[in-house]
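Model the full assembly from the supplied sequences, consistent with the hints where possible.
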Amino acid sequence: MALFWQNIANGLTIGSLYALVAIGYTMVYGILRLINFAHGDIFMMAMYFSFFAITVFYIPWYIAILLVLVATVLLGVLIEKAAYAPIRSAPRISLLISSIGVSYLLENLATVVFTGVPRQFPKIGTLQDNIVIGGINIQQLSFVTPVLMLLLVLALMVLVDKTKAGMAMRAVSKDFETAKLMGVNINRTIATTFAVGSLLAAVGAIMWGQKYPQIQPYVGVMPGLKCFIAAVIGGIGNIRGAVVGGLVLGMMEIMIVYIVPTLSGYKDAFAFIALILILLFLPTGLFGEKITDKV
Amino acid sequence: MEKRQIKGFVANLNPKKRRNLLLSSISITALLLFLYFSNEGILMGSYGVRVLNLCAVYAVLTLSMNLINGFTGQFSLGTAGFMAVGAYTTALLILPVEIKEKIFYLEPMVPWLKDVHWAGNLGFLGALLTAGVLTAFIAFLIGFPVLRLKGDYLAIATLGFSEIIRVIFTNMQNLTNGSTGIKSIPPIANMWWTFGVMAFFTIFMVRLMKTSYGRAFKSIRDDEVAAESMGISLFRHKMLSFVLSGFIAGVGGGLMASVVGAITPIFFRFILTYDILLIVVLGGMGSITGSIVGAFLITIAKEWLRWLDGGFSLGFVRIPAIAGMRMVVFSVLLMLVILFYRRGLFGGREFSFDWLINSLSALPKRVFSLFKKGGAAK
Numbered sequence: 002m003a004l005f006w007q008n009i010a011n012g013l014t015i016g017s018l019y020a021l022v023a024i025g026y027t028m029v030y031g032i033l034r035l036i037n038f039a040h041g042d043i044f045m046m047a048m049y050f051s052f053f054a055i056t057v058f059y060i061p062w063y064i065a066i067l068l069v070l071v072a073t074v075l076l077g078v079l080i081e082k083a084a085y086a087p088i089r090s091a092p093r094i095s096l097l098i099s100s101i102g103v104s105y106l107l108e109n110l111a112t113v114v115f116t117g118v119p120r121q122f123p124k125i126g127t128l129q130d131n132i133v134i135g136g137i138n139i140q141q142l143s144f145v146t147p148v149l150m151l152l153l154v155l156a157l158m159v160l161v162d163k164t165k166a167g168m169a170m171r172a173v174s175k176d177f178e179t180a181k182l183m184g185v186n187i188n189r190t191i192a193t194t195f196a197v198g199s200l201l202a203a204v205g206a207i208m209w210g211q212k213y214p215q216i217q218p219y220v221g222v223m224p225g226l227k228c229f230i231a232a233v234i235g236g237i238g239n240i241r242g243a244v245v246g247g248l249v250l251g252m253m254e255i256m257i258v259y260i261v262p263t264l265s266g267y268k269d270a271f272a273f274i275a276l277i278l279i280l281l282f283l284p285t286g287l288f289g290e291k292i293t294d295k296v
Numbered sequence: 021m022e023k024r025q026i027k028g029f030v031a032n033l034n035p036k037k038r039r040n041l042l043l044s045s046i047s048i049t050a051l052l053l054f055l056y057f058s059n060e061g062i063l064m065g066s067y068g069v070r071v072l073n074l075c076a077v078y079a080v081l082t083l084s085m086n087l088i089n090g091f092t093g094q095f096s097l098g099t100a101g102f103m104a105v106g107a108y109t110t111a112l113l114i115l116p117v118e119i120k121e122k123i124f125y126l127e128p129m130v131p132w133l134k135d136v137h138w139a140g141n142l143g144f145l146g147a148l149l150t151a152g153v154l155t156a157f158i159a160f161l162i163g164f165p166v167l168r169l170k171g172d173y174l175a176i177a178t179l180g181f182s183e184i185i186r187v188i189f190t191n192m193q194n195l196t197n198g199s200t201g202i203k204s205i206p207p208i209a210n211m212w213w214t215f216g217v218m219a220f221f222t223i224f225m226v227r228l229m230k231t232s233y234g235r236a237f238k239s240i241r242d243d244e245v246a247a248e249s250m251g252i253s254l255f256r257h258k259m260l261s262f263v264l265s266g267f268i269a270g271v272g273g274g275l276m277a278s279v280v281g282a283i284t285p286i287f288f289r290f291i292l293t294y295d296i297l298l299i300v301v302l303g304g305m306g307s308i309t310g311s312i313v314g315a316f317l318i319t320i321a322k323e324w325l326r327w328l329d330g331g332f333s334l335g336f337v338r339i340p341a342i343a344g345m346r347m348v349v350f351s352v353l354l355m356l357v358i359l360f361y362r363r364g365l366f367g368g369r370e371f372s373f374d375w376l377i378n379s380l381s382a383l384p385k386r387v388f389s390l391f392k393k394g395g396a397a398k
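Chains as they are written, first to last, in my numbering: chain C, 2 to 296; chain V, 21 to 398.
The set of hints was computed from the structure by calculation and includes no laboratory data. Computed from a predicted model, the values in this text were never measured in an experiment. Every clue listed holds true.
Part of the chain C face toward chain V, derived, beta carbon under 8 Å: (1) A91; (2) I94; (3) I98; (4) F273.
If you want the footprint, here are the derived chain C segments under chain V, 3+ residues with CB under 8 Å: (5) 80 to 89; (6) 109 to 120; (7) 220 to 231; (8) 263 to 272; (9) 276 to 282.
For glycine and all other residues, C-beta sits at the position ideal for the given N, C-alpha and C.
In structure tokens, the structure reads:
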């Protein structure tokens, strides 16, 4: 039974991490109708930033985290300005290719700048230590991550639902052209979206590093793809959906391996199978709105 | 009798066509001579031959991706997965029995494949065809669910299937030797094989694009709704294009296995798909010529730029040796093409002698007009 609860805690942690990164995908998709393939690589860069700040430059972790968040947000906004803004009016597939190009560039750049040698993610506080509750060993991380995730999502909901910037985001994602006509500053709104998405990805990356402390240039790819899948499960474009999708996917991955241990080698395939099933039977996800093509 | 018929055929052509026929025959003869001398090791060493082989294999793979992405407009990112199926099929069929025993030391190979060895050129042909057919069949199975999707959803679903194939191959220890992969694959694919397959698929694509199927593919790319209202069955044509693309990728993967000699599941990561996508975008989506020229340019440039990885001096600063520098150069190049030159080198157009001669004869005029005052503007 102890093992069962440990797995539940594990699933909750992974699920919360997926949720944090999935929000970035869903927000960008909501506004630009673009799968931001580079999002997973922004996540990877955030891990490297933390490594350099804490392990190489000996900055105390509470300051280092702030610096990492700022650097990641700047990177996210820079990518949008350099690679997506100039071709915003081009066919959508060009935007997709551009995001693949950015992903390819960041991975190759990371290989050159940080070398392909795997690095150890620094420990932050006592997050990796275990605490014992009723005979069950559980990492502190498993308590901190879901709470942190919920707090950030609440803050995000306030931002999106109650502020003017959030209203602009909702307007742009509903109807790009009309929002522009109504005087919404499109450039600033899109930049804000990328900033928020990158910020959450950076938080996710730091917590991910506590769970899986190995960094290499391709570390963001699998989490990136899975988090996109989480966003699709929840219904793309919907922030609450991304949270639920992330939790469902994380829990599913851990529990399937727990119930059928022989499948552990195929763990990375579950998410893709889930994606294909969702796209076939529930294309708009759990909370998505139906979109019809206009001719 | 026959000779006279051919003579009559040539005489009946108009001068332009006769000229093009002559130029084509000259270039084909030159290419064949070039192939012969390179393959015999007279023109270049084994390194050069290997690079040219890779060029031709990449050209085949680019054609495969261009068929579904550039000509049919269905953005599929499954090429690496299809290649993996083709490469493993070919490798397992042409691997000698004693090497199989040596490689599969962690877990013995499945009995029904253990004693199979298709030797020689004929065996290789059979293996490539089997690889193509098997990959096409898998593309057919995958196509049923994914081809109902559009645009970026299709991209992510095909990428997902490609990764699933890789995960399965990593875990099937007794069939694929798991993550250790397969080595000592016989190097049967010489230049005749690689260039022959490339020529075959090039001609195939050129002919295909002139049939009603090819026109249907292009119409689906340009406007799905209009194509459907003209009575084109969207699903059937997408499926046909996807299956053909899978077949070509499978054969390309098989050639790749024999050219590189060793394959592991990691080799077929999605990064490989990105590499091929780079060539498709650079050459021009929907251009056969672009695919071939792009594949040769990029592959040769990648080899030529190896000096970047070895460190170099800029006069005042010395850049230390860093592996992967040239890949950064290529990523930047890809980004520049996407942002400023979206149509690529050929941008959907094709090479022809008429075009070459027209642009060559127009060249002196254009150069001259550059020097004339204000001539360039007009």
